[in-house]
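A.B. asks: Here's the letter readout for the chains.
Protein chains: 2
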Amino acid sequence: MAEPNTEMPEVLVLGRPTIFQFYDEQLSQKFRILKPWESSLPLDQFISTHAQSVQAVMCSPKGIGSQLSSSLLRLFPLLRLIVTTSAGVDHIDLAECRRRGISVASAATVFSEDVADFAVGLLIDVLRKISAADRFVKNGLWPVQGDFPLCSKVGSRKVGIVGLGSIGLKVAQRLEAFGCIISYISRKKKPVPYPFYTDVHELATRCDVLVICCASTDQTRHLIDEEVLLALGKEGIIINIARGDIIKEMELIQCLVQGKIAGAGLDVFKNEPNVPEELLSLDNVVLSQHVAFLTEESFRDLYELISGNLEAFFLNKPLLSPVLDD
Amino acid sequence: MAEPNTEMPEVLVLGRPTIFQFYDEQLSQKFRILKPWESSLPLDQFISTHAQSVQAVMCSPKGIGSQLSSSLLRLFPLLRLIVTTSAGVDHIDLAECRRRGISVASAATVFSEDVADFAVGLLIDVLRKISAADRFVKNGLWPVQGDFPLCSKVGSRKVGIVGLGSIGLKVAQRLEAFGCIISYISRKKKPVPYPFYTDVHELATRCDVLVICCASTDQTRHLIDEEVLLALGKEGIIINIARGDIIKEMELIQCLVQGKIAGAGLDVFKNEPNVPEELLSLDNVVLSQHVAFLTEESFRDLYELISGNLEAFFLNKPLLSPVLDD
Numbered sequence: 001m002a003e004p005n006t007e008m009p010e011v012l013v014l015g016r017p018t019i020f021q022f023y024d025e026q027l028s029q030k031f032r033i034l035k036p037w038e039s040s041l042p043l044d045q046f047i048s049t050h051a052q053s054v055q056a057v058m059c060s061p062k063g064i065g066s067q068l069s070s071s072l073l074r075l076f077p078l079l080r081l082i083v084t085t086s087a088g089v090d091h092i093d094l095a096e097c098r099r100r101g102i103s104v105a106s107a108a109t110v111f112s113e114d115v116a117d118f119a120v121g122l123l124i125d126v127l128r129k130i131s132a133a134d135r136f137v138k139n140g141l142w143p144v145q146g147d148f149p150l151c152s153k154v155g156s157r158k159v160g161i162v163g164l165g166s167i168g169l170k171v172a173q174r175l176e177a178f179g180c181i182i183s184y185i186s187r188k189k190k191p192v193p194y195p196f197y198t199d200v201h202e203l204a205t206r207c208d209v210l211v212i213c214c215a216s217t218d219q220t221r222h223l224i225d226e227e228v229l230l231a232l233g234k235e236g237i238i239i240n241i242a243r244g245d246i247i248k249e250m251e252l253i254q255c256l257v258q259g260k261i262a263g264a265g266l267d268v269f270k271n272e273p274n275v276p277e278e279l280l281s282l283d284n285v286v287l288s289q290h291v292a293f294l295t296e297e298s299f300r301d302l303y304e305l306i307s308g309n310l311e312a313f314f315l316n317k318p319l320l321s322p323v324l325d326d
Numbered sequence: 001m002a003e004p005n006t007e008m009p010e011v012l013v014l015g016r017p018t019i020f021q022f023y024d025e026q027l028s029q030k031f032r033i034l035k036p037w038e039s040s041l042p043l044d045q046f047i048s049t050h051a052q053s054v055q056a057v058m059c060s061p062k063g064i065g066s067q068l069s070s071s072l073l074r075l076f077p078l079l080r081l082i083v084t085t086s087a088g089v090d091h092i093d094l095a096e097c098r099r100r101g102i103s104v105a106s107a108a109t110v111f112s113e114d115v116a117d118f119a120v121g122l123l124i125d126v127l128r129k130i131s132a133a134d135r136f137v138k139n140g141l142w143p144v145q146g147d148f149p150l151c152s153k154v155g156s157r158k159v160g161i162v163g164l165g166s167i168g169l170k171v172a173q174r175l176e177a178f179g180c181i182i183s184y185i186s187r188k189k190k191p192v193p194y195p196f197y198t199d200v201h202e203l204a205t206r207c208d209v210l211v212i213c214c215a216s217t218d219q220t221r222h223l224i225d226e227e228v229l230l231a232l233g234k235e236g237i238i239i240n241i242a243r244g245d246i247i248k249e250m251e252l253i254q255c256l257v258q259g260k261i262a263g264a265g266l267d268v269f270k271n272e273p274n275v276p277e278e279l280l281s282l283d284n285v286v287l288s289q290h291v292a293f294l295t296e297e298s299f300r301d302l303y304e305l306i307s308g309n310l311e312a313f314f315l316n317k318p319l320l321s322p323v324l325d326d
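Chains as they are written, first to last, in UniProt numbering: chain A, 1 to 326; chain B, 1 to 326.
These aren't lab readings, by the way, just hints derived from the structure by calculation. Do not rely on the hints blindly, as some may be mistaken.
Claimed, not checked - In silico DSSO-like cross-links for lysine-lysine, where the CA-CA straight-line distance does not exceed 27 Å: (1) B:Lys62 x A:Lys138; (2) A:Lys62 x A:Lys35; (3) A:Lys138 x A:Lys158; (4) A:Lys158 x A:Lys62; (5) A:Lys234 x B:Lys138; (6) B:Lys35 x A:Lys138; (7) B:Lys158 x B:Lys248; (8) A:Lys260 x B:Lys138; (9) B:Lys270 x A:Lys270; (10) B:Lys234 x B:Lys35; (11) B:Lys62 x B:Lys35; (12) A:Lys190 x A:Lys158; (13) A:Lys270 x A:Lys62; (14) A:Lys138 x B:Lys317; (15) A:Lys260 x A:Lys188; (16) A:Lys138 x B:Lys270; (17) A:Lys138 x B:Lys260; (18) A:Lys248 x B:Lys138; (19) B:Lys234 x A:Lys138; (20) B:Lys158 x A:Lys62.
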């Protein structure tokens, strides 16, 4: 093992960013990466060992220590930069960062195409029962049970995009090619040809499918509740590739179990990695483990963006993907 | 049960068309449908009971008695029309029909959108491991095994369409919206902006993915063999929503098992409903039971087309979707 180069700029990592599964070596060649998970110290002691000197933190919304609250941030007197490996920044107290003059950089749109592809894949899967078919055939049921229920067509389905940002727009563009009819809600009206609504309940009333693409904020938390699901109706389908807490999970489960909506494709959950037991046995639900963003290509791009942001910071240059830049 | 109306035109059904699961009552109100599967007679006796009078046969490529060979057709001296509930007509001896002046009508493009949607769904599933993720989460593995392999991006993948008919064109149009790069082979060059190849081996060499969309004919049978698969290469993916016999199934299985290609999405097989045992345990393969065409919407359209063709025939009007019209 090479001697740690104390000349290299120091970066403390909080949470457990998936990028270290793939780009640990490359990042460690450029920066002195302080990894709590490789230390024998408990996290709080590891943090207090380095807190006085650390200027840059890399973080992810997953893993222990991933919530960058104001009390955690207070431990780092010299902190000037937080780089998160996620597009969302709901795990970072942005108000505190702004107050302290801490810059924040995110993964920006690096994952947008992959997440949009996955959302469309989940929707086709739920409508056309692909995972259920794969299970049926692999369990040897085809020669035994001949018949299979009819599925629903993708085309001409009325799809409401909840949050027409970078991901939502790409979902819309892909689904248009299938002949879906798109409308959306978003914080503001966008220069797109799709009907714009301001109320999610009204959007649900007019749609067969809702695809959740918005950030998790105080305004979007629990946005999708029983009332919205009932407005979507018995043929309704929910796709969520955003954040678990945007949906009232127990109310969604009840609607699915009681047949008040038709199905769901869920990549995110309230208490990851724990998925509510009731969902595991439902044939009209397709589940995945928060992997909508996880491709070789997006991780290569993420590595370049993360290390570019850190290099820019240490060279006093503008960040590549600032959320807050002071 | 209503008395069979002997005034209604008689239609003998061969094979076991799925449409009778859903539109039996409606068809039986318009025609005197002769169904071997509801008779206590063996099929050959059932046929000989009705063979002298039957002018119209409805058939499907699935089920016992589904092969309309010249020897079977010889049993029906007055046969003037065959309506198949499928887009493909490889189960009908067309040369014999032509010789005898028997008209043939098919499902034409009724299923094209649904089959294209399903093909795209299978490709996203194989690249992004959606069925595998669903299995992983539903088996409770997420909290136990944290990591999951990186997937491959859909966009910028080079996709070769094998057969740019109605289905192939719709697959191409959908995948373009994901940023895939499309090329194709077909019997003849089409007025499309995609590069055209005449040799499937050359197409495979230039592509990451082959989507099989062609009809099963003497020219396409076993078109995809080991040599083509090796040309596609280790990252290669095969999607087949056409017919099982277009691929040399054992050579495909060997390439999948030995990692000579990366994965497959298969809706059709050589000996349906039997799927080779080796495929059932592969995590990089998504399987379905010949359901790419199976939606409520396409079956409603199929019912209208089938009954429209039969009505036209008995009224001496032109068929709605003729393959052969005499």
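A.B. asks: Run every hint past the structure and note whether it holds.
C.D. replies: Going down the list of hints, with the structure as the test:
1. B:Lys62 x A:Lys138: Holds: B:Lys62 and A:Lys138 sit about 21 Å apart, inside 27 Å.
2. A:Lys62 x A:Lys35: holds, 14 Å
3. A:Lys138 x A:Lys158: violated, 32 Å
4. A:Lys158 x A:Lys62: Distance of about 34 Å is beyond 27 Å: violated.
5. A:Lys234 x B:Lys138: Judged against 27 Å, a Cα distance of about 24 Å means the pair holds.
6. B:Lys35 x A:Lys138: Given pair B:Lys35, A:Lys138 is violated - Cα atoms ~32 Å apart, limit 27 Å.
7. B:Lys158 x B:Lys248: holds, 23 Å
8. A:Lys260 x B:Lys138: The hint holds at about 22 Å.
9. B:Lys270 x A:Lys270: The hint is violated at about 44 Å.
10. B:Lys234 x B:Lys35: Outside the cut-off at roughly 48 Å; violated.
11. B:Lys62 x B:Lys35: holds, 14 Å
12. A:Lys190 x A:Lys158: holds, 19 Å
13. A:Lys270 x A:Lys62: holds, 12 Å
14. A:Lys138 x B:Lys317: violated, 47 Å
15. A:Lys260 x A:Lys188: With Cα atoms ~30 Å apart, A:Lys260 and A:Lys188 exceed 27 Å; violated.
16. A:Lys138 x B:Lys270: holds, 16 Å
17. A:Lys138 x B:Lys260: Holds, because 22 Å separates the two Cα atoms, which is no more than 27 Å.
18. A:Lys248 x B:Lys138: Status holds; Cα separation ~20 Å.
19. B:Lys234 x A:Lys138: holds, 24 Å
20. B:Lys158 x A:Lys62: Roughly 34 Å between the alpha carbons, so the hint for B:Lys158 and A:Lys62 is violated.
Checked against the numbered hints given earlier, the structure breaks hints 3, 4, 6, 9, 10, 14, 15 and 20 and satisfies all the rest.
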